[in-house]
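Student: Join the two chains, each given in its own frame, into one complex according to the hints.
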Amino acid sequence: MNTQDALMAMLPEHLLLGGIVLVIIMEVLGRGSRSALWVALGAVIAASGAAFMLSNAQYAAAPFAGQFSVTPAILMAKGVLLALAVPVLLMSRTEFSDGEFSILLLSSLYGLCLLPSADSFLVMFLGLELLAMPVYALVLLAFRRPQSAESAFKYLVLGGAASATFLMGVSLLYGATGSMSVDAFGPALASGDVMTRTAVVLVLLALFLKAAVVPFHAWAPDTYEGASIPVTAYMATLTKGAVLLAAVRLFSGANATGPLVDLLLVLPLVSIVWGNLAAIKQQSFRRMIAYSSIAHAGYLFYAFLGNAEGRMQAVLFYVIAYSVVNLLAFAVMPQNTDDEQRDSLDALKGLYHRNPFAAVMIAVAMLSLAGLPPFPGFAAKFLIFKNVVAAGYTTYAVLGLVGSYLGIYFYLRVIQLLFMTAGEAAPTEQRAGGMARAAGVLCLVGTLVLAVLPGWVLGRI
Amino acid sequence: MSEFTMGPMLLNLVLWLPIIGVGLVLLAARANDGLSRTISAAVMTVQFALTTVLYLQFDTTAAGLQYTTHLPWIAQWGVSYLIGLDGFNILLVLLTAFLGPIVVLGAWTSIKKDVPLFHVMVLLLQFAMMGAFVAQDLFLFYLFWEAMLIPMFLIIGMWGGARRVYATIKFVLYTAFGSILMLAAVIYLVHSMQQTSGVMSFAFADLYQTQLPLSVQTILLGAFALSFAIKVPMVPLHTWLPDAHVEAPTAGSVILAGVLLKMGTYGFMKLGFPLFPDAARAFTPLLMTLAVISIVYGACLALVQTDIKKIIAYSSISHLGYVMLGLLSLELVGIQGAIIQMVSHGLVAAGLFLLVGMIYDRCHTRDLAAYGGLARLLPVYSVFFMIFTLASVGLPTTSGFTGEFLALMGAFTAAWPAHLDGNNLPLVLASVAVTGVVLGAMYMLRFALTFLFGDVKAPHHSPEHPLLDLSLREKSILGLLTIAVFALGLFPDGALQKTELAAKTYQSLVTTSRTPADAVGVTP
Chain P
1 MNTQDALMAM LPEHLLLGGI VLVIIMEVLG RGSRSALWVA LGAVIAASGA
51 AFMLSNAQYA AAPFAGQFSV TPAILMAKGV LLALAVPVLL MSRTEFSDGE
101 FSILLLSSLY GLCLLPSADS FLVMFLGLEL LAMPVYALVL LAFRRPQSAE
151 SAFKYLVLGG AASATFLMGV SLLYGATGSM SVDAFGPALA SGDVMTRTAV
201 VLVLLALFLK AAVVPFHAWA PDTYEGASIP VTAYMATLTK GAVLLAAVRL
251 FSGANATGPL VDLLLVLPLV SIVWGNLAAI KQQSFRRMIA YSSIAHAGYL
301 FYAFLGNAEG RMQAVLFYVI AYSVVNLLAF AVMPQNTDDE QRDSLDALKG
351 LYHRNPFAAV MIAVAMLSLA GLPPFPGFAA KFLIFKNVVA AGYTTYAVLG
401 LVGSYLGIYF YLRVIQLLFM TAGEAAPTEQ RAGGMARAAG VLCLVGTLVL
451 AVLPGWVLGR I
Chain G
1001 MSEFTMGPML LNLVLWLPII GVGLVLLAAR ANDGLSRTIS AAVMTVQFAL
1051 TTVLYLQFDT TAAGLQYTTH LPWIAQWGVS YLIGLDGFNI LLVLLTAFLG
1101 PIVVLGAWTS IKKDVPLFHV MVLLLQFAMM GAFVAQDLFL FYLFWEAMLI
1151 PMFLIIGMWG GARRVYATIK FVLYTAFGSI LMLAAVIYLV HSMQQTSGVM
1201 SFAFADLYQT QLPLSVQTIL LGAFALSFAI KVPMVPLHTW LPDAHVEAPT
1251 AGSVILAGVL LKMGTYGFMK LGFPLFPDAA RAFTPLLMTL AVISIVYGAC
1301 LALVQTDIKK IIAYSSISHL GYVMLGLLSL ELVGIQGAII QMVSHGLVAA
1351 GLFLLVGMIY DRCHTRDLAA YGGLARLLPV YSVFFMIFTL ASVGLPTTSG
1401 FTGEFLALMG AFTAAWPAHL DGNNLPLVLA SVAVTGVVLG AMYMLRFALT
1451 FLFGDVKAPH HSPEHPLLDL SLREKSILGL LTIAVFALGL FPDGALQKTE
1501 LAAKTYQSLV TTSRTPADAV GVTP
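The listed protein sequences derive, respectively, from chains P and G.
If you count the first sequence from 1, position 12 lands on 12 in this note's numbering, and the numbers rise without skipping.
Take any residue in the second sequence, count from 1 to its spot, add 1000: that is its number in this note's numbering.
One should not assume that every hint holds.
Example chain G residues on the side facing chain P (calculated, C-beta under 7 Å, incomplete) [as the list claims (entries may be wrong)]:
hint	residue
1	Leu1071
2	Ala1075
3	Ile1180
No wet-lab data here; the hints were simulated from the structure.
Beta carbons: idealized from backbone N, C-alpha and C, even for Gly.
Chain G extracted, bound-state conformation (with noise of 0.2 Å):
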């Protein structure tokens, strides 16, 4: 397959264009609101064809990665701009930059004070994004990591809800305290490269022949653990995710269950296992048990919530636990699995927080209690949320089952021969976890039958002042995000041969020891 020489332009491109965006919204920031808007739509929208195009081009049978830039940075701390594709980014990738147009024509209506600031933080935070993702430097990965809060801090706190400050000081400083001790960790860790090496280099590629012993992979994994568990987030690390995702107006709630949240699953694939898997293998069912309980507890949470966006809230937890099982399986089937999920869980969250959104701006209440019937009343607006909400259940044809399917399917794979040693904590987590599957569509239907079905109840209804079914735009980014959901579930052949390689490094990296006594050595 010829190479496509155009990739690394294009990714540079793909990358950097939501600071040009910055730089036209600022200029047009006198003009009009509407010029922001245009122009913050535009610039998204470019950024979904390129990384479209560089999607379509990706080489599925290359193993490493794809497109990359190199270019050092500071040269005297081995850091470089090094950025580039392969099969653990491009879905993600693509999930940012489809999300990123979707997002801002959502929030076309509902953000009316500052416009052109919001569309600044969201350009920023696309870019921050972005760059997370194809980072393939640690210190830069790390930048990038840490970016993304200050445009999220804005986001929630300037167009938020009523409590907003509280919700967006907690995001941050929660947050926070993990990335300072993981900045401890990645000091500790390339110092630690350098005294054994001798060379100074931030390269994930580098930092992948680390030799640790065991006790130091531990604190590490630990930190760096810390940090992804509050993003993913996992139990019990979780409680700033309610209070950030009621508290943000759509657009945020959007990017933040969308994206933000796949940062804690991207980060333990890429560098938390992968840099300790020693330390990782040691610490699986620690691990796999907090990520069941993330499932059961969060599905649990969500079944008796009364605010609806807290209901989705905790399924985010519950959906992303998942993921984390999936990972920890280390099964093919599984790791590929969680991957889907994620971009799985990336649609179907976008999809449910949009439509809360549009019902919030109609009628001003999050409570569950005061609606009822709206399939009578919204027959568009009914048929997207029970799509959305059958996709968040895990229906077959939709890209939920496709994750949740082969995640658990990988949990089982691995959990059946530690079973036949006799070791049955693999199995017994696996099967709770399915039960997650059942409360899953309890809470999910509990709140579709209360909401869309029943007698009619809606604040500012009236025969006189009916409320006013989907946009034209509305069910524009809902259909996208429909055929999106629909397309990952019925054909998620492209999507798996595009990560099957990946998944194999990665595991060859978490199965492969690395500690000083034994260079290399397999475990089962």
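This is chain P alone, in the form it adopts within the complex (with noise of 0.2 Å):
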């Protein structure tokens, strides 16, 4: 083991882990509380930039053999998704002012970190587990209202099926093949042995729980509507995108092929059609983005339809559009002590009116998820159909579009709200932070840049 390489491949994990420890001794020095959150801001900055400046030099290198390796593009994922969780941050000062939201994010970010570099199913293990436990703990952080406890023991429950589910799946594949290697997951999709192909089926399974798609979406709406807004917006976007950048390392360079294709067609259709007709019903803000994000999580999955080679960029592409809208909904929302009021759509009704900044980041954000060009959430769900198209799939791009279509209702029922409807502002709300204000602001520009420039970022990953 060459303990350069383990510095510089790692190095984003480093810093990550020496932000930890940081924040840790900070806790127990009584200095949490105040500058906990600049300590964890750096160390995500310092890691992504760690991560962009690797990607960019070309760098590769495989440090623990058949266990993590790295690669440019895996490096440019990092990067990308840990800036991603720069707005995360800055939301959550209003909420949280320990030290335990940043120890906690931290370690899901550092899951988030194994997971595309994961060589063997040990890592990868270890990766899912290290991403979702601490969202366990941070569901029930805030405790905002009763039915966290709730939210955050039904994530528990599912959560753990769900990695007991992967576990049984990788017994069997290394029962199948004698290997616990990652690569052998894309020539065990085309076998014909039953033990093979029921590993691959448990595996995905697992994943499709992770990403709450049809019909293992039901923790979803009670975990999202649960959690504080920084803790949902966190696992709407980053979890979501960690899982399926996992499901991306899985498949590598394999076409979907065989049995495989029939889930691969079906249940990520029936998210998509179901996530967007269930948001419909919703008077919650949180439960409609975890139906939304039911939906989009089935977009994601259809990418896996779509021949190996675009599958990267087209999957990173989404996660980055559809994250940095959803984060910038989040971030814009205005402050309210009462949680249930504040998740509520009626706090949204006219509020245009009382705070225009906001209601037009919200407006922007609901009609790039919606898929309405120009905004990024267009060119996404265009270069994942584009894919599925030139794949041979035309029929169920279609109905994915159709799909896609039923979405629009309630996003622009939101619009609606926003600027239609007559409302006053409930007696407890404010104006959401500076530093929420600032990630708006952020997110903004990313989607500005993905708008106006996608073949630049196109380039990039």
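Tutor: Spelled out as structure tokens, the structure:
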């Protein structure tokens, strides 16, 4: 094991770990509450910057043979996702003042970084657990309402079920192929052996559960509703993105073939349709976003129908476009000490007249999530469906597009509430905090870059 | 003729000026509402002036694109920022630029709340409409096509009538449905082209070369046609229009009728038929039937309306049926008539909606039965009303006559050889279409009769507080529209010259077969 490689290849992870240690020390010394956020921010920015720099330098290495490796593309993905964590941290200023949030988030980000680099199922499992476990606690951390406990518990139990399913699949795959390497998954897709096929299906279903694809989606609305805004934002964007990147790593160069194609055709399509339809009935903003994220998980898994060469680019571009606008909407949401009121769609009524910036930002986010041009969500959906058509699944692409059409209504309804309905501010309502608004501006800049220069972004990833 | 070197730069300026206007309005938003209005009016006027320069410098002897700008945008997908003017869009671009200041001046007093946001939306809409007309790249076109929805959604939804939310959501969902299927067709089309020629490109010029079997052409034309037919609108996809028009504010109705409806016909002319010529020719009988049904059914519906805005809304459906008829005739005279009719309808419908808006501002009702004898109360208003009524009917010397006559002539010119061959359907359809002219006279003159003549009757009118006749602002915008209507009616040659080569290009594109079996072939 080359020490130089071990340091450089895992530089982003080391920086995150350094951040965690520093925050713990500060907590012990009693200085946690004031400065923990800045330390965490510094660690995340440093880690993201390190990943970008290494990627630009075309760095590639495999310091722990068969377990962990990096390539420029993987480093770019890590850099992008870590950069998306910056708005999450900025948003958390008003909800969380102690260091626990920072420690838990940085730990989860560490797991996020392990996933795209995983060469063996052990490291992938480690990454998935490290990604999810801090989030179980984060869901509960702000405890703004009694349902938070129920939400956290649901997520814990179902996340545990997902992990168990994943492990079962991995064990069966090991039994069938004798290898713990992730690269064994690709060839296993086309295999005719019952044990291998079961293994592949179990692993895929575990990922579906983690990403909240129908019919394993039931935990998402409750968990998103019960968590506080920064945590919901994190779950909806980065956690989902990390699971998708893990899936991309699993599939690596293989095209979807055999019995797996049916799973990949039907369940994501049902997700798209069900997610978009169920969101119409929601009265809570976070539940609505949960159902919308179920639909978006459907679009993301659709990318796996496309050919292997364009898959990472399509998934990563979609994750960026989707995350940036989701974070934008959450960042500018007005504050309210009464969490239920804050979450209710009624709080958005007439928001344009009270807080034009927030209203316009939420409107931009909704339109991008709906996939309407000229916002980045359109280009991202276009890329995925283009890849699906190129792989020959035209009918399913058309069905997927019609499914995405079903989603336009509830996004428009939010805009209708913001602009066309009169409403008064709840007595406890306040503008979003300064840090959160800064996060909003960052996300806005990201949205504009993606909308105006998608070619540039695609060229980099 | 020397090349107009400033052309491309001017065209870009014309396109992006509304965005600059949005920036200025946002800066001025905190100040009084009047500043937003002034900025908006100034930006629109400058845009019109520049567009006039481009129109006058347009080279009528060159067949291809002029004033082009071609910059790669998303190179990985073959998408480029490709804009230009040709005979297809020059008149429509001029119409859009002309209606811009008229819309802003028309809404000067009737929009009272959230004025800066209103003007931002109008400017964004102007940008999107211009973009859709000048885009020569399919991805760019689709972007602008969809981008028109949201400003219109807000204009109707925020400043509209009592049922505005219902109307605007219906408008968006209806239009978006067609667009989604069109997107699937676009993706498939470009993918097909990449498979056969190896090149991935969204430029119209490249897409006009694609070879597709008839079955594929049919499905793709169906998807494109659905989207455009919803926009035109063609019966039976027209039901969003009356609600959208009635509930929209005056400015919204003027933009909707003046420009947005032309998008559908422009889409058929530029994309739908030239991209899939074999399917277009195969489905001409069906589409012609739907066009004639639109003409006659739209007119019949207009005849029975009691809401004055709905009369004009249904008349739009009827008038745009002539455009489709002209395009489907594939005769030069018909195609050029279709383009003229597009512009004419834009001017006339804009004028009529402005007039209706002006009386609504004074009397606050759209019920036809509540009005009567306005010729005595509001003489200047009535003169303009009569002028636009007659233009809508298609009186010679107005642009309505030029458009309808040329389109019908095209339909008959194409129908006669078919009749001699034994196929009587086109002749029958053309004859039925002519009755649309009579029906048009019936509903418009019924409207004018009830409205202007007879006993004096007007809500909010009393001898102590008589209704005010048109203000200087109102007279100016109606006057400008009147001049345009008569200019196009009396001197259409300038416009016809500019569209002639484009009409020839359209004719050759749609009559050339592009199925893989026979690469080059002309069908009569």
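Student: Next step is simple, just say for each hint if it's right about the structure.
Tutor: Status of each hint after checking the structure:
1. Leu1071: At 11 Å from the nearest chain P Cβ, Leu1071 (chain G) fails the 7 Å test, so the hint is violated.
2. Ala1075: holds (6 Å)
3. Ile1180: With a minimum Cβ separation of about 4 Å from chain P (threshold 7 Å), the hint on Ile1180 (chain G) holds.
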